[in-house]
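Listed in order, the protein sequences are those of chains A and B.
Under our numbering, the very last position in the first sequence is 163; numbers go up by exactly one each time.
Under our numbering, the very last position in the second sequence is 549; numbers go up by exactly one each time.
You can take every hint at face value.
Rough simulated footprint, nothing fancy, chain A against chain B, three-plus residues with beta-carbon under 8 Å:
| no. | stretch |
| --- | --- |
| 1 | 211 to 222 |
| 2 | 534 to 541 |
If we take Cβ atoms under 10 Å as the criterion, some of the chain A residues that face chain B in the derived model are:
| no. | residue |
| --- | --- |
| 3 | Glu12 |
| 4 | Met16 |
| 5 | Val20 |
| 6 | Thr33 |
| 7 | Met46 |
| 8 | Ile80 |
| 9 | Thr101 |
| 10 | Pro112 |
| 11 | Gly113 |
| 12 | Tyr145 |
| 13 | Gly147 |
| 14 | Met153 |
| 15 | Lys156 |
Note that these hints are calculated values from the structure, not bench results.
On a predicted model such as this, the values are computed, not experimentally measured, just so you know.
Think of the CB as a built atom: it goes at the ideal place given N, C-alpha and C, for glycine as much as any other residue.
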Amino acid sequence: MAKNDTTLYLYELAWMLPSVALPVGMLAALLVTAFGAHIHLPGQSMTIDAAQIDTTAPFDQPGIVNVGPGRYEARIIAAIWTFNPAELRVPEGSEVTFVGTSRDVIHGLFLPGADVNVMLIPGQVTRITTRFPKAGEYPFVCHEYCGIAHHTMAGKIIVEPLK
Amino acid sequence: MTHAVPIDLGPERRLTGAFLLIAFIALFVGVVTGLLQGLSHVGVNAYPWLMPLIQSYYHGLSLHGVMNVLVWTTFFICGFVPLMAARAYYRPLASRLLGWVTFVLMVLGLLIAGVPLVQNNATVMFTFYPPMQAHWAFYVGLTLVVVGTWLVTLNLLLTQRAWRQQHPRERTPLAALMALITFIMWTIASLGLAAEMLLLLIPWSLGWTQGVDPLLARTLFWFTGHPIVYFWLLPAYLSWYTLMPRQAGGRLFSDPMARASFLLFLLLSTPVGLHHQYTDPGIAQGWKLVHTFFTFAVFFPSLLTFFNVVASLEIGARARGGQGLVAWFGKLPWGDPSVAAQVLAMLMFAFGGIGGLINASHSMNLLVHNSMYIVGHFHLTVGTAVTLSFMGITYWLVPVIVGRGLWSRRLALTQVWLWVIGMTLFSFALHSLGLEGMPRRTWIGMATYIQPEWRSLMPLVGIGGSLMFVSAMLYFLNLLLTWMVSRAPAPAPVEFADAVSGPEAAPVFLDRLRPWLLLSAIFILIAYAPTLMHMIMESSAHMPGFRVW
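Model the full assembly from the supplied sequences, consistent with the hints where possible.
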């Protein structure tokens, strides 16, 4: 029986050690790749009064604003069931920081072509930066249920070729 | 080594039956509305024909979510888990009256929440994020259901205390400890939801307060919203650990390891909710990373469970003549629908677990958050690991409760495999569609932006969903006929499995809850206190309610 117990114990140990190593290894790989590739999540940026959006900077001027060489800010106001603006143009190779908020319920901004995937929450300002190395049309949609016409809430980024 | 002695299910039989009946009704409603969603992916828009019963895709989807993930799971668990505890303690629950009071309160809560839900006055999904505002009765009713679950915890604690007085030196029976941990973990985790309901949503929906902070409410929701998946999962684990080895003709491999994994769930289930909010503004990246860490940590007890349960199954299969490194798997009692359902549920869960790690990875989450990928993921977890396991449990439990044999074993096996095939197609398609950029919770059939690459996958959603619908109907048919017309004799209840390495090998600290509870509280404070404090101090949002459906 004693020998049997030792065998069982070794089996348990032989499984437990890799079970610790596996998540730890994956977490390490995740951290290295995320920080190595400079992937950032939205963090604390600023709060905003949802009733005063139209008179609060930067949303008093929605749309594309050039903020430096090759760098743009895309200011987007979400409201049922539209994005303002719904169509934005930037040149190929731009770095674009999306700055968004919501006027009413919670919305989302999902732009799969450029790995933009954020929530737009009333009272909060979301900031996220991405790049558009290739010209083309990049559709974006609202990906949080926001009411009866949620499935019509969409827009696009038009990345214009450098000529 | 503990030897189970056959006994009758005891006075809990009727109470369990009552809970199961409500659970089945909820699952039925959830499955029917689910079919409509599946069909909308193949261009069948059934909603105009169903007016005013189901008034829109989103009305149906809210019913589907609330009925399946909140009602079916919770009522099943509140019926099944206390019964298992009573059998493990070898004594009835401390208070039979409290048991029935709990049931009545929860049904009352369900009815109160159900009225606005059915009337399209609570089309807010099962996440009910404000400032979208449902009728107040929806919030009040769901809160009563949660309070009911706390009464189950109370009854289990009283039963444990009564048992302990008579057995001061014994180890708590494994299934009883698992039942207790499941409900204590849930009670701690549900405090977030309770705070959201009582302090924010109920006063706001009644017009007593002017506004609500959507981010704070959302954070409190996910405080409960992730651990709730362990509240669904742990009862399935209870069955996999303590019953399935016996059903498969074997023994539990390691009782101490099973105890350890449940205690780790008690410790690690709650401080993980921010991994649902990686893409939210207003929460510092560093705290999101802390939750990534805890989420990866909670993967550890699931890995322990996988090993322990598979090793137990292997013991059973080898005893039945199974050989080889993996070939023994075929020697499991595949003709027993209860075992087949649970083993397959566990296999599907392996994929659900791997997908879950991707979701929890704070950078990879950006690819999948709120996309159909997530829907594919949780249909493997709550829709299969949990639901198919619960179905497997009912294949022995319902016959015992109604006192008649299962109407058709073959029909049950067909049902189980049909679910697996349907779910495989369905979840494969949804995972792929999510990676192709399809958003979740969206009436895709009517969307203005369907992408060409989605077209080839969308029929699989409809086909897989329809197969699962047929499977569910066969399930209900079989249970109904078992109850009404079966002439087969009632089977004996499934007994608890003995363990190869029994409870006497477990260190004493695995049988003391207080230190683990203290540590759990510390982890939760570390993970949440700074973020919640910051939100409460800085809160400036006072959003009025919106009815947008």
